[in-house]
Amino acid sequence: MTQVKAKERKLTIARAMAEAIAMEMREDEKVFLMGEDIGELGGVFGNTRGLYTEFGSERVKDTPISETAFIGAAVGAASDGMKPVVELMFVDFLGVCFDAIYNMMAKNTYFAGGKVNVPMVLMTSTGGGYSDGGQHSQCLHATFAHLPGMKVVAPSNAYDAKGLMAAAIRDPNPVIFMFHKALQGMGWLGTEKDAIVDVPEEAYEVPLGKAAITREGTDVTIVGITSGVHHGLKAARELEEQGVSVEVVDLRSLVPLDRETVLESVKKTGRLIVVDEDYHSYGMTAEIIASVTEAGVPMKAPPQRVAYPDIPIPFTPVMEQWALPSAEKIIKAFAKMKETEK
Amino acid sequence: MAGFAQDNLSSHDRKGDITMTPTQEQEIWMYQNMVTSRFFEEAIEKIYMEGKTPAFNMAKGPIPGEMHLSNGQEPCAVGVCAHLNKDDIIVSTHRPHHVAIAKGVDLNKMTAEIFGKKNGLSGGRGGHMHIFDANVNFSCSGIIGESVGVAAGAALSRKMQGKPGVAIAYLGEGAANQGAFHEALNLASVWKLPVVFVIEDNAWGISVSKQASTAVKHNSDRAAAYSMPGVHIPDNDPIQIFEKAGEAIERARNGEGPTLIEIETSRLAGHFMGDAEAYRPAGEKEHLVEIDPIPAFKKRLHDRYRWTDEQDEALRAQAREIVDAAIQFARDSAYPAPEEALEKVFV
Amino acid sequence: MSTEVLIPNDLWEEDDEAVITSWLVSDGASVSEGDMVAELMVAKIQYELRAPATGTLSILKEIDDVVAKGDCVATIA
Chain A
-8 MTQVKAKERK LTIARAMAEA IAMEMREDEK VFLMGEDIGE LGGVFGNTRG LYTEFGSERV
52 KDTPISETAF IGAAVGAASD GMKPVVELMF VDFLGVCFDA IYNMMAKNTY FAGGKVNVPM
112 VLMTSTGGGY SDGGQHSQCL HATFAHLPGM KVVAPSNAYD AKGLMAAAIR DPNPVIFMFH
172 KALQGMGWLG TEKDAIVDVP EEAYEVPLGK AAITREGTDV TIVGITSGVH HGLKAARELE
232 EQGVSVEVVD LRSLVPLDRE TVLESVKKTG RLIVVDEDYH SYGMTAEIIA SVTEAGVPMK
292 APPQRVAYPD IPIPFTPVME QWALPSAEKI IKAFAKMKET EK
Chain B
698 MAGFAQDNLS SHDRKGDITM TPTQEQEIWM YQNMVTSRFF EEAIEKIYME GKTPAFNMAK
758 GPIPGEMHLS NGQEPCAVGV CAHLNKDDII VSTHRPHHVA IAKGVDLNKM TAEIFGKKNG
818 LSGGRGGHMH IFDANVNFSC SGIIGESVGV AAGAALSRKM QGKPGVAIAY LGEGAANQGA
878 FHEALNLASV WKLPVVFVIE DNAWGISVSK QASTAVKHNS DRAAAYSMPG VHIPDNDPIQ
938 IFEKAGEAIE RARNGEGPTL IEIETSRLAG HFMGDAEAYR PAGEKEHLVE IDPIPAFKKR
998 LHDRYRWTDE QDEALRAQAR EIVDAAIQFA RDSAYPAPEE ALEKVFV
Chain C
162 MSTEVLIPND LWEEDDEAVI TSWLVSDGAS VSEGDMVAEL MVAKIQYELR APATGTLSIL
222 KEIDDVVAKG DCVATIA
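Protein chains in written order, with the working numbering: chain A, -8 to 333; chain B, 698 to 1044; chain C, 162 to 238.
Keep in mind the hints are simulated off the structure, nothing from the lab.
Please note that the accuracy of each hint is not assured.
[What the hints assert, rightly or not] With a cut-off of at most 20 Å between alpha-carbon atoms, the simulated PhoX-like pairs for lysine-lysine come out as follows:
(1) B/Lys743 / C/Lys205
(2) C/Lys222 / A/Lys184
(3) B/Lys889 / C/Lys230
[As the list claims (entries may be wrong)] Stretches of chain C that chain B covers, calculated by requiring three or more beta carbons in the stretch to come under 8 Å of a beta carbon on chain B:
(4) 172 to 185
(5) 206 to 216
[As the list claims (entries may be wrong)] Among the chain B residues that face chain A by a calculated CB cut under 10 Å, a handful are:
(6) Asn754
(7) Glu763
(8) Glu810
(9) Gly824
(10) Lys914
(11) Pro978
(12) Glu1036
(13) Leu1039
Here a beta-carbon is modelled for each residue, glycine too, at the ideal position from N, C-alpha and C.
Based on the provided sequences and hints, a complete structural model is requested.
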């Protein structure tokens, strides 16, 4: 007979995002939405479901295909006291509107000496693995994280998704909220079971800039974000069967970056593998390794990165699946580390 | 048939007034490409769904990823491409198949590309949204609105090199609200480039209607803002498109600069395969099937040229053969080796 | 005495099969009548499955399992 558990309620990341936004919109009239197909359709990735029905077209605004205009408009509205939550449907589309994001949204507070706030959230989908090709599959973590003036968060599960979204909307600074398409729970992009977790009904925040230890261990630290966390967890389970104790760190935020948690972990384990679905060079994996090295944390072996090769994302599954980070690649990286220790 | 005699005046017969009327040969060419295109889309649609039932998982099956079919929009391709040769340039969109076929893209290699095979136009790297065939100067992009700048640039290149050729940019009506559209039209006009912008207005940008998103009733009216002719074609009619596109292309070839053409066409399929299309008003889809341009064209050929059922069957059989051969070529082709993903980043 | 959680015949049109894409409660969790317990996908549309009774849920079908109308996917006791 199955053991009776306390009442729980799981959500997919898509539902968690919609719930967080709804709760903030009920509390604060200033919060409103702009984006493509976020109205009646509920968002192509399910993250605004129910909002149009509850709040109507005044606060849930379907836009034309005019990113420069409506993201620029979000900057203007936010500077004037509103709290826009806007969607850039695919992060890959940043090219058409990036000035509004990195030159204005991210810099206006600084240019104004801190006297103007830009409290907006830009949510955007990332990730591949389902053959959507080079212009619809990227994880441009480093592109946003590198440029000063915007916070960047990316949840790996529904609990963090709701909490980070609430925190992002309440934050007086601009926040980029990146959600990985394959973790949304949309079904047509596959299902990642570990992303569907218990989510409290009440309002709560997950602090921006704080990483989480998703799994404790002592032999090696795996650092990841979004899909990288799940590859890390799968690798951890396999390695455990080989008697290896793995610690998995979910960064949750890229800006601010919780270097402390990473350093503490690597001090404990002495080994570091960083996983990122973004391109290998000049990215998050380099940032983590540089941070650990600069801090002089002693390591038993050279750190390893498991990231996307520096190529446009290919369409055909044979190539795309080969290129993607995976639990298998993490396990190979660990084996390589152990080789150097002999 | 008095109307017929007056209609049938070609551009050569009327001085100082360019009127483009298709010859019988051109009409049959257009019909043939429409039929081939439609058979192709229907075949792809079926194969696309392989492995994707009962649940639609985009990653599964012999054709994974997204798929944007052009059923109903064939006239927009054939009416324009009837005036083009292989040296003319086309930059198309995420919904490219009908245009690619009419432009003369290698259908076997295009199909292999859609299947992600080694023999595909890009060795599997591009897929359905990134069809590139340099032999016929055809390319497309998945980012809304990005075709226009590229087409303007190709036109600029020909002008600078003194080489013949006109560039055509295809875009949807949703793209006319994207900044790149306005910049490219302005630039093409200022530099008097031999480019024609063709808007395929199918009234929907995924779930958002044109009325809900566009400040003008007709995008062709926007041409005035960029000092170029704006042509509105209210019917999904290959003949009207042939005539107006012919005029625009002739203007471009004569160094008279760009034109904006807007065609009210019909998207018979969803925006992308798997699109539940709940946003369409009731009855809209049924009405679209009634105004399918292909049966209408067959009737026109019958009325004007006494096109017989035998001729029609022969044409369809030939189209069927071409499509079947392309599918078979794709199925028979091998997948590339995974490491080939690292190649062709740079040359 | 347990209640079967059946896929309702009117949850979607036509007789296509569905795939379970998520369980929104764990095996052994307590549910109330009307709680959303799972999501199913038919073609590309997601549907919600709700608990027909109050009690403890025992899951019989897993994520990615194919199910049809009338199938029992769990029980509530």
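ask   = CA of B/Lys743 to CA of C/Lys205, is that 20 Å or under?
value = Satisfied, since the Cα-Cα distance of roughly 16 Å is no more than 20 Å.
message = Given a cut of 10 Å on the nearest C-beta pair, is the interface hint for B/Glu810 held or broken against chain A?
response = holds, 8 Å
key: Hint status (Cβ of B/Pro978 to nearest Cβ of chain A, threshold 10 Å)   = violated, 12 Å
key: Interface hint status, B/Glu763 versus chain A (Cβ within 10 Å)   = holds, 6 Å
Hint check: 10 Å Cβ-Cβ cutoff, B/Leu1039 to chain A = This interface hint holds because 6 Å falls under the 10 Å limit.
Pair hint outcome, C/Lys222 versus A/Lys184 [Cα-Cα no greater than 20 Å] = holds, 14 Å
ask   = Do three or more residues of the segment 206 to 216 of chain C come closer than 8 Å to chain B, measuring C-beta to C-beta?
value = As far as the segment 206 to 216 of chain C goes, the hint is violated, because 1 residues have Cβ atoms under 8 Å from chain B.
query = Is B/Lys889 close enough to C/Lys230, meaning Cα to Cα at most 20 Å?
reply = The given pair, whose Cα atoms are some 62 Å apart, is violated under the 20 Å limit.
task = Return the status of the interface hint for B/Asn754: holds when the least beta-carbon distance to chain A is below 10 Å, violated otherwise.
result = Since the shortest Cβ distance to chain A is 6 Å, the answer is holds.
ask   = Is the interface hint for B/Glu1036 satisfied, with its Cβ closer than 10 Å to some Cβ of chain A?
value = holds, 7 Å
task = Check whether three or more residues of the segment 172 to 185 of chain C sit with their beta carbon closer than 8 Å to a beta carbon of chain B.
result = holds (count 5)
ask   = Against chain A, is B/Lys914 within 10 Å by beta-carbon distance?
value = violated, 15 Å
Taken one by one, the earlier hints fail for this structure at numbers 3, 5, 10, 11, listed in ascending order.
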